[in-house]
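Build the full structure now, drawing on both the sequences and the hints.
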Amino acid sequence: MVNFDNPKIIVKQLDFYYGEVQALFDISLQIPEKQVTALIGPSGCGKSTFLRMLNRMNDIIPGTHHQGKILIDNSEIYSDNTDVVQLRKSVGMVFQKSNPFPKSVYDNIAYGPRIHGITDKNVLNEIVEKSLQGAALWDEVKDRLDESAISLSGGQQQRLCIARALAVEPEIILMDEPASALDPKSTARIENLIGELRKEYTIVIVTHNMQQAARVSDMTAFFYEGNLIEHDQTQTIFTSPAIKQTEDYITGRFG
Amino acid sequence: MNRHLFHEIELIKQSLLRISAMAEEAVKKSVFALTNHNLEYALEVIKNDELIDHEEVILEENCLKVLALHQPVAMDLRYIVSTLKINNDLERIGDLAVNIAKLAVRQIERSPAEIPAGITSMAKIVQDMLKSSLDAMVKMNTKKARKVCQADEEVDILHKDTFGYVEKKIRRNPEQTGDFLILIGISRYLERIADHATNIAEDVIYMVEGEISRHSNSIF
Numbered sequence: 000m001v002n003f004d005n006p007k008i009i010v011k012q013l014d015f016y017y018g019e020v021q022a023l024f025d026i027s028l029q030i031p032e033k034q035v036t037a038l039i040g041p042s043g044c045g046k047s048t049f050l051r052m053l054n055r056m057n058d059i060i061p062g063t064h065h066q067g068k069i070l071i072d073n074s075e076i077y078s079d080n081t082d083v084v085q086l087r088k089s090v091g092m093v094f095q096k097s098n099p100f101p102k103s104v105y106d107n108i109a110y111g112p113r114i115h116g117i118t119d120k121n122v123l124n125e126i127v128e129k130s131l132q133g134a135a136l137w138d139e140v141k142d143r144l145d146e147s148a149i150s151l152s153g154g155q156q157q158r159l160c161i162a163r164a165l166a167v168e169p170e171i172i173l174m175d176e177p178a179s180a181l182d183p184k185s186t187a188r189i190e191n192l193i194g195e196l197r198k199e200y201t202i203v204i205v206t207h208n209m210q211q212a213a214r215v216s217d218m219t220a221f222f223y224e225g226n227l228i229e230h231d232q233t234q235t236i237f238t239s240p241a242i243k244q245t246e247d248y249i250t251g252r253f254g
Numbered sequence: 000m001n002r003h004l005f006h007e008i009e010l011i012k013q014s015l016l017r018i019s020a021m022a023e024e025a026v027k028k029s030v031f032a033l034t035n036h037n038l039e040y041a042l043e044v045i046k047n048d049e050l051i052d053h054e055e056v057i058l059e060e061n062c063l064k065v066l067a068l069h070q071p072v073a074m075d076l077r078y079i080v081s082t083l084k085i086n087n088d089l090e091r092i093g094d095l096a097v098n099i100a101k102l103a104v105r106q107i108e109r110s111p112a113e114i115p116a117g118i119t120s121m122a123k124i125v126q127d128m129l130k131s132s133l134d135a136m137v138k139m140n141t142k143k144a145r146k147v148c149q150a151d152e153e154v155d156i157l158h159k160d161t162f163g164y165v166e167k168k169i170r171r172n173p174e175q176t177g178d179f180l181i182l183i184g185i186s187r188y189l190e191r192i193a194d195h196a197t198n199i200a201e202d203v204i205y206m207v208e209g210e211i212s213r214h215s216n217s218i219f
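Line by line, the protein sequences give chains A and B. Counted from 1, the first sequence has number 128 at position 129 by numbering that gives the first Met the number 0; the numbering is strictly sequential. Counted from 1, the second sequence has number 88 at position 89 by numbering that gives the first Met the number 0; the numbering is strictly sequential.
Hints in this document: simulated from the structure, not taken from any laboratory. Glycine included, each C-beta is placed from N, C-alpha and C at the ideal position. Mixed in with the good hints there might be a few duds.
Stated by the list, open to error - Straight-line alpha carbon distances no greater than 20 Å define the calculated EDC-like cross-link-like pairs of lysine to aspartate or glutamate that follow:
(1) A:243 - B:208
(2) B:123 - B:190
(3) B:27 - B:151
(4) A:243 - B:190
(5) A:129 - A:146
(6) A:198 - A:32
To be verified - Restraint-style ranges between C-beta atoms, simulated for each label pair:
(7) A:241 - B:176: 53 to 61 Å
(8) A:89 - B:1: 36 to 44 Å
(9) A:98 - B:20: 40 to 48 Å
(10) B:211 - A:102: 25 to 33 Å
(11) A:14 - B:1: 27 to 35 Å
(12) B:64 - A:141: 40 to 48 Å
(13) A:241 - B:70: 15 to 23 Å
(14) A:118 - B:3: 53 to 61 Å
(15) A:241 - B:2: 23 to 31 Å
(16) A:234 - B:3: 23 to 31 Å
Stated by the list, open to error - Partial chain B-side listing against chain A, Cβ under 10 Å, derived:
(17) 1
(18) 2
(19) 7
(20) 68
(21) 70
(22) 71
(23) 74
(24) 83
(25) 179
Given below as structure tokens:
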């Protein structure tokens, strides 16, 4: 296992089940702080399931259970006294398909902070601007804050969702195929944005696009059939992976 | 399965084999021309160099095409990158064979100085090295590649010996200085071919193992 001086997330011997079906097998993995970790592997390999474990999104699926530990900043996120709302505040998520609320651009961003009790208009204005700037969207929407978020382009909507995640000041951002539905230009913008965000946040990204994993991530973890096959620096994975299964997958020889 | 990529790589493999065979043949014939005063072979090597140059360009273009269109990774990436470098070495080897062939022509035109045993052994070792490095490349055999790297030291020693030999000869027969200087040239070209064969062997090690063995003393 690759160990880090600054692991933000430590996963130890994690097994996960959808009912009777085991989806993750004995996963141990460390995710370093303020770096991008890419999870790759064929469909059904468990990478998205693993990602969703990190902010307890699987809790809402009935019949699931797990064994093992997931520590964020050294505290167990599946302990009885974990506040799941607080957890999801510090571990934000961006999905494959952008899912803005059918509200104005402004209200989309202010939604999270309001839920967490912020009502001061000036504070909210500041958060909205800062989050949109953080998501590299401010210049495009600053004169359209009252317009419906649905009127934005697909690429803008996805950056809006990133801005919405940033608004509650998370420390970790999980991204599940954040650019798979976007054109190359919008994809490049999201990738550039990930490059900026990694200075402040710990990012875990699931992607089917191997080149994207290679471009944006520092570390890459390859999953296959619920097992973590190889985890190493992205450069090593894409030039000389240690394990043949990884090599066969990334070179398109299977999967 | 990434069929397009594998098909392209297959074409690159064939092209690499072609240029390998051409470069090996050029060295063989230039050495033969030199040791047997064979003008026909010497001229053939000089003339055929343009075929090697042409193949080099085609192979390089195909490698660049694969990089641009398929963005290969891992073993495929290492194969393409190594091929680009080996291609370059083979083209240089072709040029060096031409240089030897030109000296062979000069040797034939003037009263030829006797080729010392040191250069004959060097020529043999260099040809073996080239053959082994290309065998290692085709069979992805790193053991063989490492042996090539070792043999390079022997060539360097023989190259130094040639200097001593030539110096002695010139002192004894200063009027034949020009003839003896040709021997220095031949020795230098052979030594450089050995260097290129070593480069090829090192690239084979990288291709197979992903380790850059150049500049390291621990590869043996």
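To see whether the hints hold, each was checked on the structure:
1. Of the pairs offered as hints, the one joining residue 243 (chain A) and residue 208 (chain B) holds, with about 12 Å between alpha carbons and a cut-off of 20 Å not exceeded.
2. A C-alpha spacing of about 12 Å is found between residue 123 (chain B) and residue 190 (chain B), which places the hinted pair at or below 20 Å, so the restraint holds.
3. Pair hint residue 27 (chain B) plus residue 151 (chain B) holds up; C-alpha atoms about 18 Å apart against a cutoff of 20 Å.
4. Restraint check for residue 243 (chain A) and residue 190 (chain B): not satisfied, since their Cα atoms lie roughly 38 Å apart, outside the 20 Å limit.
5. Using a Cα cut-off of 20 Å, the hinted pair residue 129 (chain A) and residue 146 (chain A) holds, with the two alpha carbons roughly 18 Å apart.
6. Restraint check: the Cα-Cα separation between residue 198 (chain A) and residue 32 (chain A) comes to about 10 Å, which is no more than 20 Å; the hinted pair holds.
7. Range check, residue 241 (chain A) to residue 176 (chain B): Cβ separation about 58 Å, and the 53 to 61 Å hint holds.
8. Look at residue 89 (chain A) against residue 1 (chain B): about 40 Å separates their beta carbons, and that is inside 36 to 44 Å.
9. The given range of 40 to 48 Å is broken by residue 98 (chain A) and residue 20 (chain B), whose C-beta atoms sit roughly 60 Å from each other.
10. Against the hinted window of 25 to 33 Å, the Cβ-Cβ separation of residue 211 (chain B) and residue 102 (chain A) comes to about 55 Å, which falls outside the hint.
11. Separated by about 33 Å at the C-beta atoms, residue 14 (chain A) and residue 1 (chain B) satisfy the suggested range of 27 to 35 Å.
12. For the hinted restraint 40 to 48 Å between residue 64 (chain B) and residue 141 (chain A), the CB-CB distance of approximately 44 Å keeps it satisfied.
13. Residue 241 (chain A) and residue 70 (chain B) have their C-beta atoms about 21 Å apart, which keeps the hinted 15 to 23 Å range intact.
14. For the hinted restraint 53 to 61 Å between residue 118 (chain A) and residue 3 (chain B), the CB-CB distance of approximately 58 Å keeps it satisfied.
15. Checked against the hint of 23 to 31 Å, the pair residue 241 (chain A) and residue 2 (chain B) passes, with Cβ atoms roughly 26 Å apart.
16. For the pair residue 234 (chain A) and residue 3 (chain B), the beta carbons lie near 25 Å from each other, so the given range of 23 to 31 Å is met.
17. Here the hint on residue 1 (chain B) is kept, as its CB sits about 3 Å from the closest CB of chain A, short of 10 Å.
18. The beta carbon of residue 2 (chain B) is positioned within 10 Å of a beta carbon in chain A (closest approach about 9 Å), and the interface hint is therefore held.
19. Given the 10 Å rule on beta carbons, the hint for residue 7 (chain B) is violated: about 12 Å separates it from the nearest Cβ of chain A.
20. A hinted interface residue such as residue 68 (chain B) counts as satisfied when its beta carbon comes closer than 10 Å to some beta carbon of chain A; here the least separation is about 12 Å, so the hint is violated.
21. Of the supplied interface hints, the one on residue 70 (chain B) holds, with its beta-carbon coming within about 6 Å of a beta-carbon of chain A, less than 10 Å.
22. Because the closest C-beta pair between residue 71 (chain B) and chain A is about 7 Å apart, less than 10 Å, the hint holds.
23. Taking 10 Å as the C-beta contact cut-off toward chain A, the hint placing residue 74 (chain B) at the interface holds, the least distance being around 6 Å.
24. Here the hint on residue 83 (chain B) is broken, as its CB sits about 15 Å from the closest CB of chain A, past 10 Å.
25. A hinted interface residue such as residue 179 (chain B) counts as satisfied when its beta carbon comes closer than 10 Å to some beta carbon of chain A; here the least separation is about 48 Å, so the hint is violated.
Figure legend: structure checked against the earlier numbered hints; hints not met, in rising order: 4, 9, 10, 19, 20, 24 and 25.
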